[in-house]
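A.B. asks: Chain residues, written in single-letter form:
Protein chains: 4
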Amino acid sequence: MAQTFRTERKIRFSHCDPAGIVYFVNFFDMVSGAVEDWFSEAFGFDAHSTFIRSRVGFPIVNTSCEFFRPCHLGDRLELELVIARLGRSSIEFSVTGRVGGEEKFRARHKVALMSLETQRALPIPADMREKMEPYVV
Amino acid sequence: MAQTFRTERKIRFSHCDPAGIVYFVNFFDMVSGAVEDWFSEAFGFDAHSTFIRSRVGFPIVNTSCEFFRPCHLGDRLELELVIARLGRSSIEFSVTGRVGGEEKFRARHKVALMSLETQRALPIPADMREKMEPYVV
Amino acid sequence: MAQTFRTERKIRFSHCDPAGIVYFVNFFDMVSGAVEDWFSEAFGFDAHSTFIRSRVGFPIVNTSCEFFRPCHLGDRLELELVIARLGRSSIEFSVTGRVGGEEKFRARHKVALMSLETQRALPIPADMREKMEPYVV
Amino acid sequence: MAQTFRTERKIRFSHCDPAGIVYFVNFFDMVSGAVEDWFSEAFGFDAHSTFIRSRVGFPIVNTSCEFFRPCHLGDRLELELVIARLGRSSIEFSVTGRVGGEEKFRARHKVALMSLETQRALPIPADMREKMEPYVV
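Chains as they are written, first to last, in my numbering: chain A, 1 to 137; chain B, 1 to 137; chain C, 1 to 137; chain D, 1 to 137.
Bound-form chain A, shown alone:
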């Protein structure tokens, strides 16, 4: 059984478009924010700073999202993150958004460890990998 990382967002006025529903682009920002939260909580440190210092990064390879139902102002969006696939260099996250049990969207977000010096993929180090494995489905 994979461990699930959970975080929550309040749907605000500024997330919504003239149709009165969340502008889809903001869901991608929330997906990325969930990955950011997972990095800092699962790893117990500010991942971005560490990566910047080590001159490595996790650039995004691809992202996709299915939108099932619209979200509205005032909704509490529950985000659930697991790792759908853990490659040699890459992590493919699956992030689901729900409001009161109703699934609103399901996203896939793939990043890969890269040297910022050489711009080439690097194998994920064993100690990092170990912390990721509980989240792999």
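Source of the hints: derived by calculation from the structure; they are not laboratory data. A few of these clues could be false.
Claimed, not checked - For lysine-lysine, the following DSSO-like pairs were computed, each having C-alpha atoms within a straight-line distance of at most 27 Å: (1) A:Lys10 with C:Lys131; (2) D:Lys110 with B:Lys110; (3) D:Lys10 with B:Lys131; (4) D:Lys131 with D:Lys110; (5) A:Lys10 with C:Lys110; (6) A:Lys131 with C:Lys110.
Every value quoted in this text rests on a predicted model; they were computed, and no experiment measured them.
With chain A held as given, fit chains B, C and D onto it using these hints.
C.D. replies: Just chains B, C and D now, with coordinates in the frame of chain A:
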């Protein structure tokens, strides 16, 4: 040969993240903006207003994007839009971003015509369809 | 002694610009979000929906902000809201942002109650006013 | 007679809020973008890159804006920039937004030249100053 709709964006300071490259979420906003431009230019009217008045809309079904190379401050991003697939109710756009010939990303963005009253898919009317067909690959 | 409304924001990757600090525009979004939170918490209902239903709104008259020190990724920004001046139709909020006691910015944000039908200012009703008064400095 | 720097923005779906008008925060982004455009066009180079290389910057001291009338989807917003006050280290821009001659907002935006090493204000160099002076009202 399909017709290609072209539009351009200047990469600004506010598009860029602490890594000094375009934050990926802004690419989705540009893809959506290209579709918006295409609607207003290909149809010769303000599509959104018309849709709102007719109580129909084109909600997004799914979106995906492959990111090939980062974009930087000052880049002139050329966006190219074609229709990859035109369904009974749905339009699947393919939008490519290039800087000086180098492909930066390729997105798929699928929308479907829907009644805002019944929340059900509607067939794309023949006159609308006719204006879309030149862009189908 | 005025009551202070407090709320908090986590500074995220997406808030930050290529200089590695919060892009100032995001502070205005947080100020507006603090006002939104205050409305819903101080009034015990979803203010925006109610306003939309009653065909009234609180459009922004003016906003200003002094920026004292930059904010960084990972900062916990504490927002403090009070009412600097309560007019017949208008509310002028004062919102301060602090990180660990250090003042980062101080904003003034003035809104006025308006009929969405006539586009004219309306006096703030007595029951609304009563709930606002504890926050007036 | 001061020279005026002019630039234009198309009001898009993504700029607008559930009330169907431009979310005020986006005006601040446009004001900042107008300053960015002015820097690159008035100085004939990519200002940000140069500043980053020289380890100097123009952080924002304060910003304020009066909002007169709402902007709508499809509006062509004309932005006009002049320098309201040119100090030893600081530049205070005045940026006005108009649609078809109607004034929508008027902003003040003050920045100051600063060393990124020492975090202290620097006098604006004479050659920079010379290029700024035509825009001072």
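A.B. asks: Determine for every hint whether it applies to the structure shown.
C.D. replies: The hints, checked one at a time:
1. At most 27 Å may separate the alpha-carbon atoms for a hinted pair to count; Lys10 (chain A) and Lys131 (chain C) meet this at roughly 24 Å.
2. Using a Cα cut-off of 27 Å, the hinted pair Lys110 (chain D) and Lys110 (chain B) is violated, with the two alpha carbons roughly 43 Å apart.
3. At roughly 24 Å between alpha-carbon atoms, Lys10 (chain D) and Lys131 (chain B) fall within 27 Å of each other, so this suggested pair holds.
4. Restraint check: the Cα-Cα separation between Lys131 (chain D) and Lys110 (chain D) comes to about 17 Å, which is no more than 27 Å; the hinted pair holds.
5. Of the pairs offered as hints, the one joining Lys10 (chain A) and Lys110 (chain C) holds, with about 24 Å between alpha carbons and a cut-off of 27 Å not exceeded.
6. In summary, the hint linking Lys131 (chain A) to Lys110 (chain C) is not supported, as the alpha carbons are separated by about 48 Å, beyond the 27 Å threshold.
The structure fails hints 2, 6 (numbered hints given earlier, in ascending order).
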